[in-house]
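Number of protein chains: 4
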Amino acid sequence: MRFFSDNAAAVCPEAMAAISAANRLDTAYDGDALSARLSGAFSELFETEVEALWVATGTAANSLALAALCPSYGSIICHRDAHIQNDECGAPEFYTGGAKLLLGDGEGAKLSPETVDGLIGSIRKDVHQVQPAALSITNATEYGLVYTPDEVAALGELCRSRGLGFHMDGARFANAVARLGCSPADLTWRAGVDALSFGFVKNGGMSAEVLVFFGGEHRQASLYRRKRAGHLLSKGRFMAAQVLAMLEGDVWLRNARAANDSAARLASAAGDRLVLPVEANEVFLKVSPDEAEALRSQGFDFYDWGVGEARLVTSWDSDPAHVEALATAIEAL
Amino acid sequence: MRFFSDNAAAVCPEAMAAISAANRLDTAYDGDALSARLSGAFSELFETEVEALWVATGTAANSLALAALCPSYGSIICHRDAHIQNDECGAPEFYTGGAKLLLGDGEGAKLSPETVDGLIGSIRKDVHQVQPAALSITNATEYGLVYTPDEVAALGELCRSRGLGFHMDGARFANAVARLGCSPADLTWRAGVDALSFGFVKNGGMSAEVLVFFGGEHRQASLYRRKRAGHLLSKGRFMAAQVLAMLEGDVWLRNARAANDSAARLASAAGDRLVLPVEANEVFLKVSPDEAEALRSQGFDFYDWGVGEARLVTSWDSDPAHVEALATAIEAL
Amino acid sequence: MRFFSDNAAAVCPEAMAAISAANRLDTAYDGDALSARLSGAFSELFETEVEALWVATGTAANSLALAALCPSYGSIICHRDAHIQNDECGAPEFYTGGAKLLLGDGEGAKLSPETVDGLIGSIRKDVHQVQPAALSITNATEYGLVYTPDEVAALGELCRSRGLGFHMDGARFANAVARLGCSPADLTWRAGVDALSFGFVKNGGMSAEVLVFFGGEHRQASLYRRKRAGHLLSKGRFMAAQVLAMLEGDVWLRNARAANDSAARLASAAGDRLVLPVEANEVFLKVSPDEAEALRSQGFDFYDWGVGEARLVTSWDSDPAHVEALATAIEAL
Amino acid sequence: MRFFSDNAAAVCPEAMAAISAANRLDTAYDGDALSARLSGAFSELFETEVEALWVATGTAANSLALAALCPSYGSIICHRDAHIQNDECGAPEFYTGGAKLLLGDGEGAKLSPETVDGLIGSIRKDVHQVQPAALSITNATEYGLVYTPDEVAALGELCRSRGLGFHMDGARFANAVARLGCSPADLTWRAGVDALSFGFVKNGGMSAEVLVFFGGEHRQASLYRRKRAGHLLSKGRFMAAQVLAMLEGDVWLRNARAANDSAARLASAAGDRLVLPVEANEVFLKVSPDEAEALRSQGFDFYDWGVGEARLVTSWDSDPAHVEALATAIEAL
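Line by line, the protein sequences give chains A, B, C and D.
Each step along the first sequence adds one to the number in our numbering, with nothing skipped, and position 176 is 176.
Each step along the second sequence adds one to the number in our numbering, with nothing skipped, and position 189 is 522.
Each step along the third sequence adds one to the number in our numbering, with nothing skipped, and position 18 is 684.
Each step along the fourth sequence adds one to the number in our numbering, with nothing skipped, and position 116 is 1115.
Everything labelled a hint here was simulated from the structure, so no lab data went into it.
Don't take every hint at face value.
[To be verified] Restraint ranges, calculated between C-beta atoms of paired labels, are given here:
no., chain 1, residue 1, chain 2, residue 2, range
1, C, T781, A, G31, 25 to 35 angstroms
2, A, E248, D, T1114, 47 to 57 angstroms
3, D, T1114, A, G31, 51 to 61 angstroms
4, C, D967, D, Q1219, 25 to 35 angstroms
5, B, G496, D, D1318, 33 to 43 angstroms
6, D, L1273, A, G215, 52 to 62 angstroms
7, D, T1114, C, T781, 35 to 45 angstroms
8, A, E309, D, E1330, 54 to 64 angstroms
9, B, D637, D, K1124, 47 to 57 angstroms
10, A, E293, B, R493, 48 to 58 angstroms
11, A, E309, D, K1124, 44 to 54 angstroms
Source: prediction; values computed, not measured.
Backbone N, C-alpha and C define an ideal beta-carbon position, used for all residues, glycine too.
Same shape as in the complex, but just chain A (with noise of 0.2 angstroms):
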């Protein structure tokens, strides 16, 4: 019974069914039907002209909106805990040439416009400091919290002032949708945001994540980059294929709404031992070493956090039975 991780999950079937389907004969890399469909779908999806680029992973996304957002001069503000600065194996400064990450703090691995502002203030206006460029936050974070589209707007709002461009990290986009009920737009480019690496692996896909650029001008530069960076697949419809099925019928939404009900459940189940509020698919518990290993015994698979606190991971295809035994489990502890 696994809670460890949304990476590994398995695919779910409209993308599966998407993915055998594209196997037919078509123009190579982008250049194909499915792929050429790509800027459109999630045009109307945030309901305004966007340019969208298939990538195979997060950290591809990522960095690519960041090589568009921050020169090798620059740096870019996020917090301490942001995938981009502890899970990427320095990604960022790989595909910017150099840029510094600038790091700050927040709980749940949320950063405030303040926070933000400190930081910005922290650098003297001077050559002999790297000055920042761009704002990259996570929503849902890396800790299962989501920014509200005020709060986003309000990071926005902050970057616009201070010329800071703005990306967001949506590997749990999806997630942070399905909490908020809000529309994509709203959380996203109305909110001010520049760049949206929209993650669809960890919520049903294959292979496939999106960067989203809303406002054209970093679209050229970001597919030469991608092609340079080895990113540009030859049979780029399986990677269009997985991804558009996912948008119709909305099933990147019901995935998620699964994962974070999956996830509701065992924190009513975990009741005070919640280390931060529940609002997406991970749940942070506090467990002693003897009770992680009881709920281990049971035959649940999950990641201590640090000494005395566990992260439980819902996935879209998370067993009910599965996430039902183990509410009942912590519950019993």
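Fit chains B, C and D to the known structure of chain A by using the hints.
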């Protein structure tokens, strides 16, 4: 009737079935059971212990190999028509941190030891000039010729004596092996090759190529570079699955033979029109613009190759009827 | 009797005196009074508002200029014999983050508009190929020829129409201006040049070259890049001092004229032995190995240039007696 | 009366005389007789065979050292207040190709072995995280404290056991040696240091710092990197001359002692106002804004250091009368 690129071919049934079968829970990234088998499977194929890493594109495989073999301040010797020079948007420069490509000539995109030696000799041994650090050849070449084991060994011997790393871009390695009937070992490490980009996508795979290191010293750094480049897919089992399925029962060889056979049929029809011998799955032939138009009007799709020439590429799934039709049409010109 | 390089010449008295005079307290980096005068002094010389940055080497000046004009995924068109290609150990690749150099031919290291246009035309307009972003020419060239204002303007017009940035490596800009008798403005911005590496070290300076931007948009980024490359010296006043001293009273022109005159004397002695016209301070002449040996045995120091040719370089401080002696010796061969 | 930076000091007479004396013909770059003596002179000073390279700035020396010790996918442990983190505009990231800086705390910009060990321990040993590859400390620190040979050796031992390269930023190395009265060898290679940026400019030089490698394996790559970064000056004899002149007769030590003595005088005047012990040539003291204003109104020039603190920096040429006057003024506050 498509003859413009093997990149556009379908995925072979064995690969597709393996992908479907891999659609179950497993550990993320390359920690899954299938990925764990990769180095072993390739070690068996190459009759020596190798390190094998899946990546999504040949460009990524090539660039990771070159970054392992050439420092930022070095240069990579390759043919003027090499894919790494002309068709990867500067990926080698990106991954190496700014190495140079040092270009040589030779018919059909083949480099001779004399040419390579001449290029090395053209560089002064001082800090003002970028010093050669690696040689990269493509086998089968971009023009469908093959290097024999002896030819590779002659270059390998030169690399050894000059202290160069030796990379083989094997986007069509299967076609070369199929043509030569040699062992993969004889064509690579026994001939001095340090790193091979082993292509699967053009040969019936969906999205996985394999970077093979003969000798373990480059493995760890390459794992970091792969992650840092955003090429460590989170559901890596789908990558390993398709490759392993194509190794089993020598599907990779069977597919390549089919493609080569189709090209041979076209070559025999082309006769004096051939620009180069046909040794793999590419046919370059002289056709006037009117003749090219005549072929297209019969439904054959292919690239013009400069003025008065055309490139025909066959693939594992070239329809025999289409091949026969095209052969007949060429004969009838 | 030295004729092997103007790099080895002494520092002219005006520059040395200015350096001594600058040996007093002042603000660090480029905040001092002398550095503050730099852009003004060059604006006056060029009859337009320019931005001028001192750096310690021509390689640094060239690379900062190219990094301003060419993105990491672009290419720089230059001559096959250009200093940036052959004598900077890959500095352009380093500073741009991995751009390519696209090489053209032409006698005496000069590029014609036709050649540049042909190179542009050789690149497919797709993401697989690195797209040309800038043109770099050297004036006077590495072979001692000069581009006239009209020739520069023809290239400048091409750059404008094709959207390329235009850089001039002016390591021997002074020699070109001295030869042509034109205004610095006519040879640069009025002819479409965006950035000039204005050389002083070969011409009597100690350690300062000046990067001149015509148009202000590149200034701020270049200041960051200069610092980031370790080229913002902490006692910058010594850099500005030597350059300002050489601008005053046109010392730079006088020095260049002296070097050119010495070369002209050698050229007249060389007669039919000349490989190329002598338009600046370099003389390439045909001499057999025995003849070269004969000259060396008389105390003349110079570089062989391939087999059967020699390169003689004069400088601002070439001793007239040495020049006369060499001229006589050449005539006597 | 200047106390804001030793960067702004004059060039000492010995260095200036040597520069004048070097104003004669010699081979270009670092082929001249003076440059050829550099490694020998530093080998003598350090009582072991070292490789010494001149460069124009401390930023260049630091970055070349770090590029030698840390791969692009690694990280460099340093203090949060380190010059390489705060005052080099991302030069380490540029030269390494995008390495990370991993920041530690400690009073007065000093790192303890415990802190370094804790930072190493905070990084998971997997490919998702950037692995520590080098440690960089500054001696004397940015806050004017010194590491003793024993303290350096403790860090050196940690580096050895953890496989880290060890770099010392010695912009004020002379001040540290002068303070400690130890041998340069004891403070560096005998304590495990691999590379030292040996500062001369703040200590009376004009434009030359020296990168010293203890152990020869980094020399060749660093020569290429220096050229590639545009730091191989063409009249290198002026670089070597000033440094050699400061080594002769221990001018470097005498200059540093003078600066330290001036700081000590100020420290004794400051008494309880001292924020940190004064061990080199920097004095941090508590002064209210009114008090700072009072000092400035008497003609003393210095930096505020946050709110309520000031930084006073002395240099080799601090005028004793100015120092005495400032000491008196501080006492009178």
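Evaluation of the provided hints:
1. C:T781 <-> A:G31: 25 to 35 angstroms: Given about 32 angstroms between the Cβ atoms, the range holds.
2. A:E248 <-> D:T1114: 47 to 57 angstroms: holds, 54 angstroms
3. D:T1114 <-> A:G31: 51 to 61 angstroms: holds, 54 angstroms
4. C:D967 <-> D:Q1219: 25 to 35 angstroms: With a Cβ separation near 28 angstroms, D967 (chain C) and Q1219 (chain D) satisfy 25 to 35 angstroms, so the hint holds.
5. B:G496 <-> D:D1318: 33 to 43 angstroms: violated, 57 angstroms
6. D:L1273 <-> A:G215: 52 to 62 angstroms: holds, 53 angstroms
7. D:T1114 <-> C:T781: 35 to 45 angstroms: Violated, since T1114 (chain D) and T781 (chain C) (Cβ atoms, about 59 angstroms apart) do not stay within the stated range.
8. A:E309 <-> D:E1330: 54 to 64 angstroms: Since E309 (chain A) and E1330 (chain D) have Cβ atoms about 55 angstroms apart, the given range 54 to 64 angstroms holds.
9. B:D637 <-> D:K1124: 47 to 57 angstroms: Hint holds: Cβ distance 53 angstroms, inside 47 to 57 angstroms.
10. A:E293 <-> B:R493: 48 to 58 angstroms: holds, 55 angstroms
11. A:E309 <-> D:K1124: 44 to 54 angstroms: Given about 21 angstroms between the Cβ atoms, the range is violated.
When held up to the earlier numbered hints, the structure conflicts with 5, 7 and 11 and fits the remainder.
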